Amino acid sequence: MTTKIKVLIFEDRAEDALILKETLSQQHIEIAGIASSYTEGIALLNSVDFDIALLDIFVKGKPEGIQFANEIEDDKPFIFITSSIEATVFEEAKDTNPHNYLIKPYNPLELLFAIELAIEKSAAQEGAFSQKIPVHHNDAIFIKKNKALVKIDLKNINYISVDGQYCNMYTDEQPFLLHTSLTQLIKEFPETQFIRANRNLIVNTDKIKIVYPDDNLIVLTNGEKVSLSRRYKAAFFKNYRIFK
Amino acid sequence: MFLNSSKWIYVYCCCFLISITVVFAQKQEYSEEFKKEILETCPQCAQDTSVFQKARKDKFHQSHYLFSKNEIDSSYTILTELLSNTHNKEVRKLYILNTIRGRVLLRKKLFDEAKQSFETAIKIGKQYQSPSINNQYALLGQIYFEQLKFSKAAEVFETWKASYVKNEHNNRINLHNLGLCYLHLEQYDKAQENLLESYRLNQKYKDTLGLARSSLDIANLYYQQYKDELAIDYFEKGLGYAKKAHDLEILQNALLNLAVVEENRKDFSKALKYRKEYEKIKDSIWNKDQIWKFAQNDKETARQLNEEQLKAEKKEKIFFIVIALLALILLSFLSYFYLKIRKQHTIIRELNTTKNKLFSILTHDLKTPIHTLKAKLYTILHQPGKNKLHEKQRTSISESYDLAKNTSLLIDNTLHWTLQSQNKLLFHQQKLNLSSIVAQVEYDYIPIIEENKLALHTDIDATIFVFADGNSLKIALRNVLDNAIKFSFTEGIINIKATTENNSCTLKIIDEGVGFDTNNFSRQNFSSTPDTKGSTSTGLGIQLSHELIEKNGGSFEISSVPNKGTTVSITLQTNKT
Chain A
1 MTTKIKVLIF EDRAEDALIL KETLSQQHIE IAGIASSYTE GIALLNSVDF DIALLDIFVK
61 GKPEGIQFAN EIEDDKPFIF ITSSIEATVF EEAKDTNPHN YLIKPYNPLE LLFAIELAIE
121 KSAAQEGAFS QKIPVHHNDA IFIKKNKALV KIDLKNINYI SVDGQYCNMY TDEQPFLLHT
181 SLTQLIKEFP ETQFIRANRN LIVNTDKIKI VYPDDNLIVL TNGEKVSLSR RYKAAFFKNY
241 RIFK
Chain B
1 MFLNSSKWIY VYCCCFLISI TVVFAQKQEY SEEFKKEILE TCPQCAQDTS VFQKARKDKF
61 HQSHYLFSKN EIDSSYTILT ELLSNTHNKE VRKLYILNTI RGRVLLRKKL FDEAKQSFET
121 AIKIGKQYQS PSINNQYALL GQIYFEQLKF SKAAEVFETW KASYVKNEHN NRINLHNLGL
181 CYLHLEQYDK AQENLLESYR LNQKYKDTLG LARSSLDIAN LYYQQYKDEL AIDYFEKGLG
241 YAKKAHDLEI LQNALLNLAV VEENRKDFSK ALKYRKEYEK IKDSIWNKDQ IWKFAQNDKE
301 TARQLNEEQL KAEKKEKIFF IVIALLALIL LSFLSYFYLK IRKQHTIIRE LNTTKNKLFS
361 ILTHDLKTPI HTLKAKLYTI LHQPGKNKLH EKQRTSISES YDLAKNTSLL IDNTLHWTLQ
421 SQNKLLFHQQ KLNLSSIVAQ VEYDYIPIIE ENKLALHTDI DATIFVFADG NSLKIALRNV
481 LDNAIKFSFT EGIINIKATT ENNSCTLKII DEGVGFDTNN FSRQNFSSTP DTKGSTSTGL
541 GIQLSHELIE KNGGSFEISS VPNKGTTVSI TLQTNKT
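From first to last, the protein sequence lines stand for chains A and B. The first sequence runs 1 to 244 under full-length UniProt numbering. The second sequence runs 1 to 577 under full-length UniProt numbering.
It is worth saying that the hints were derived from the structure and are not from the lab. As the structure is a computational prediction, the values presented were derived from the model and not from experiment. Treat the hints loosely; a few may be bogus.
Stated by the list, open to error - When the alpha-carbon atoms are kept at most 20 Å apart in a straight line, the in silico EDC-like pairs for lysine to aspartate or glutamate are as follows:
id: 1; chain 1: B; residue 1: K424; chain 2: A; residue 2: D95
id: 2; chain 1: B; residue 1: K431; chain 2: A; residue 2: D16
id: 3; chain 1: A; residue 1: K94; chain 2: B; residue 2: D365
id: 4; chain 1: B; residue 1: K270; chain 2: B; residue 2: E300
id: 5; chain 1: A; residue 1: K145; chain 2: B; residue 2: D228
id: 6; chain 1: A; residue 1: K62; chain 2: B; residue 2: D365
id: 7; chain 1: A; residue 1: K132; chain 2: B; residue 2: D469
id: 8; chain 1: B; residue 1: K376; chain 2: A; residue 2: E15
id: 9; chain 1: A; residue 1: K104; chain 2: B; residue 2: E442
id: 10; chain 1: B; residue 1: K355; chain 2: A; residue 2: E86
id: 11; chain 1: B; residue 1: K424; chain 2: A; residue 2: E91
id: 12; chain 1: B; residue 1: K424; chain 2: A; residue 2: E126
id: 13; chain 1: B; residue 1: K551; chain 2: A; residue 2: E71
id: 14; chain 1: A; residue 1: K121; chain 2: B; residue 2: D459
id: 15; chain 1: A; residue 1: K132; chain 2: B; residue 2: D365
id: 16; chain 1: A; residue 1: K144; chain 2: B; residue 2: E263
id: 17; chain 1: A; residue 1: K147; chain 2: B; residue 2: D228
id: 18; chain 1: A; residue 1: K238; chain 2: A; residue 2: E224
id: 19; chain 1: A; residue 1: K104; chain 2: B; residue 2: D469
id: 20; chain 1: A; residue 1: K147; chain 2: B; residue 2: D459
id: 21; chain 1: A; residue 1: K104; chain 2: B; residue 2: D365
id: 22; chain 1: B; residue 1: K376; chain 2: A; residue 2: E126
Said to hold, decoys possible - A few chain B positions that, by computed beta-carbon distances, are all more than 10 Å from chain A:
id: 23; residue: D289
id: 24; residue: Q304
id: 25; residue: K374
id: 26; residue: L415
id: 27; residue: L419
id: 28; residue: K424
id: 29; residue: L425
id: 30; residue: L426
id: 31; residue: F427
id: 32; residue: S436
id: 33; residue: Q440
We treat Cβ as the ideally placed atom computed from N, Cα and C, and that holds for glycine.
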């Protein structure tokens, strides 16, 4: 199942928050929550799930955004938003290692680009999206599809098969073309979760319903069938005890 | 000044008969007429009646000034120089110069040369009937006298006497000398006449020394004529005057004369008394001479020491003065600049505060609402089909959007420009996708491009990355694109292309608009070319773009052909350097 990217907003100006909300929804991005103060922000951090945080540096005239940034988990990317372009403001913000800055005012493309860049940076895969390379971060894959940024949790992937020099990723909903090689993906993905079924395909073990070793066939939970080649059978079964 | 100036005429009277030499020293000063002549001739003295005060540059002046100051050697050098200058044809000056030269030589006892000088002076003086000429006769007479040519001397003195001026202070000396000439020539009548006249004049001027001399010489005259009574009377008078005059030489002469006279009279006790007194004075003179000599030596040594010390002190003084002056100059400069800088500093600080206030107004009170306005107008223009706008409404909203967009850019430019010039602009270079950045910039121009029916073709490979600061790069691109649109004709084409080469990427923004003559183009003066709607921009934008691209380590070039269009080439680094 594909999911929208979830964004946590830290912004005290209602008008600015509204613009953000509208722009994000146009870009098919979900709002995880909006906090207009430090305490509200902390409460949100503990209660909602999000992929990226957008923080206004100055909340109520104080650099609360910087303070709040320190509370965010290390693996979650965040972006500082400010209307100032004075270097002094950023000097203070620098220590929190933000993944990007966004200068107000911004247009929807700029917002989206800032988010993309932040995600790329947190996964240390700068420039990936523009080359349609999937970004793998926090047990999920982020890809750009039709100008929209989508997130696919690894657990929702059925299997990935080679398509020419790229790969096709199959979920229950739709396939995604990934501009990357299968070999590259195997390297990145958790070893036990994705196993090679044949030369051109890796399968998500969580999605396997039945395996027919004699028929060299794997049936997935959604009923799809993938072939299990003899060459990879041994390696495939190494992780399983077989009851005959 | 003249009165103390000369002390240099010596007249000797030798009393042959009694083998006694009477030394007769008498001051001979400038005559009034001669003084007057110098005053009239010398421009320096004429200016300043307290003449000879200062050594002036004028050589003529120096010649008589130095002479009056008893610096006869220096005076002589100048005199010779002036006289050898054959261009000097001013008779009066020549007369004066020759006279003074004569006097110098006389003091040096170079009688023949002195005589020559005076004769020349007299010759010149006669040409214009110098009023002081007769004084020179007297001096010439003295020379003959000194040379013991008494008849010649008497002759010259008589010439002097023929035209002498009464009440002249030198008269009594000259008369005395004339008398002495006759005495030597044994013409006692004339001698007596002149000596007595001189005696009277000395009485008149209360010149004790002169009286002493006159008395002694008259005494000698009488004594030579064997008028012993009269002679002794005058000798004793002479002794009295000599004692009063405190002139040891005269006194000695008087005593010696009297001693000889008394001895001849066989009054040995008196003679002995005079002789003893004479010896005593002789000793005291010797002592005085010795002491004077020692004193002179001492003085000389002291003077030399003093001079050396003075020289050293002078050097030191000059050194310190120079140092002090330099320090003073430096100090005054420093304090001047310090004050100036402090004043400027205060002004700048005030200006800075004002500027900062202005900034917050610009950023928060202007920037944001204008953008909101822009964004809202954008939404209206792009709202889906349902409530289609009328053509008129569309146009006016589009124009409003354009206005808001321009204002927004202007504000942004101003902000960036000011911060950039203060080096306070946010600057964070990172790896950026060029096509993405260009798309973000283009986004705001979509309504304008549609409105003007422009065709914007962007062809940038999605895999091109540049290493730049996103904010400043976008500002630069905004300005360039804004210009390209502004200067494009309706239905024009704008091409945006990117090419990579090694570690750099060149982005070209090409329009087919108005263009301009690159010859009239300088970085400081853009603008002035009206755009296709007739308005002109400030030129700040392009200038700012140029600077920001350079700050990013790139280059910014503009090429243009009037009515063909403009191409802006921006070259950026693709990798971190």
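Tested hints:
no., hint, verdict
1, B:K424 with A:D95, "holds, 18 Å"
2, B:K431 with A:D16, "violated, 28 Å"
3, A:K94 with B:D365, "violated, 26 Å"
4, B:K270 with B:E300, "violated, 44 Å"
5, A:K145 with B:D228, "violated, 161 Å"
6, A:K62 with B:D365, "holds, 18 Å"
7, A:K132 with B:D469, "violated, 23 Å"
8, B:K376 with A:E15, "holds, 13 Å"
9, A:K104 with B:E442, "holds, 17 Å"
10, B:K355 with A:E86, "holds, 13 Å"
11, B:K424 with A:E91, "holds, 11 Å"
12, B:K424 with A:E126, "violated, 27 Å"
13, B:K551 with A:E71, "violated, 35 Å"
14, A:K121 with B:D459, "violated, 26 Å"
15, A:K132 with B:D365, "violated, 40 Å"
16, A:K144 with B:E263, "violated, 156 Å"
17, A:K147 with B:D228, "violated, 158 Å"
18, A:K238 with A:E224, "violated, 23 Å"
19, A:K104 with B:D469, "holds, 16 Å"
20, A:K147 with B:D459, "holds, 17 Å"
21, A:K104 with B:D365, "holds, 13 Å"
22, B:K376 with A:E126, "violated, 33 Å"
23, D289, "holds, 97 Å"
24, Q304, "holds, 76 Å"
25, K374, "violated, 8 Å"
26, L415, "violated, 6 Å"
27, L419, "violated, 6 Å"
28, K424, "violated, 5 Å"
29, L425, "violated, 6 Å"
30, L426, "violated, 5 Å"
31, F427, "violated, 7 Å"
32, S436, "violated, 5 Å"
33, Q440, "violated, 4 Å"
Of the numbered hints stated above, those contradicted by the structure are hints 2, 3, 4, 5, 7, 12, 13, 14, 15, 16, 17, 18, 22, 25, 26, 27, 28, 29, 30, 31, 32 and 33, listed in ascending order.
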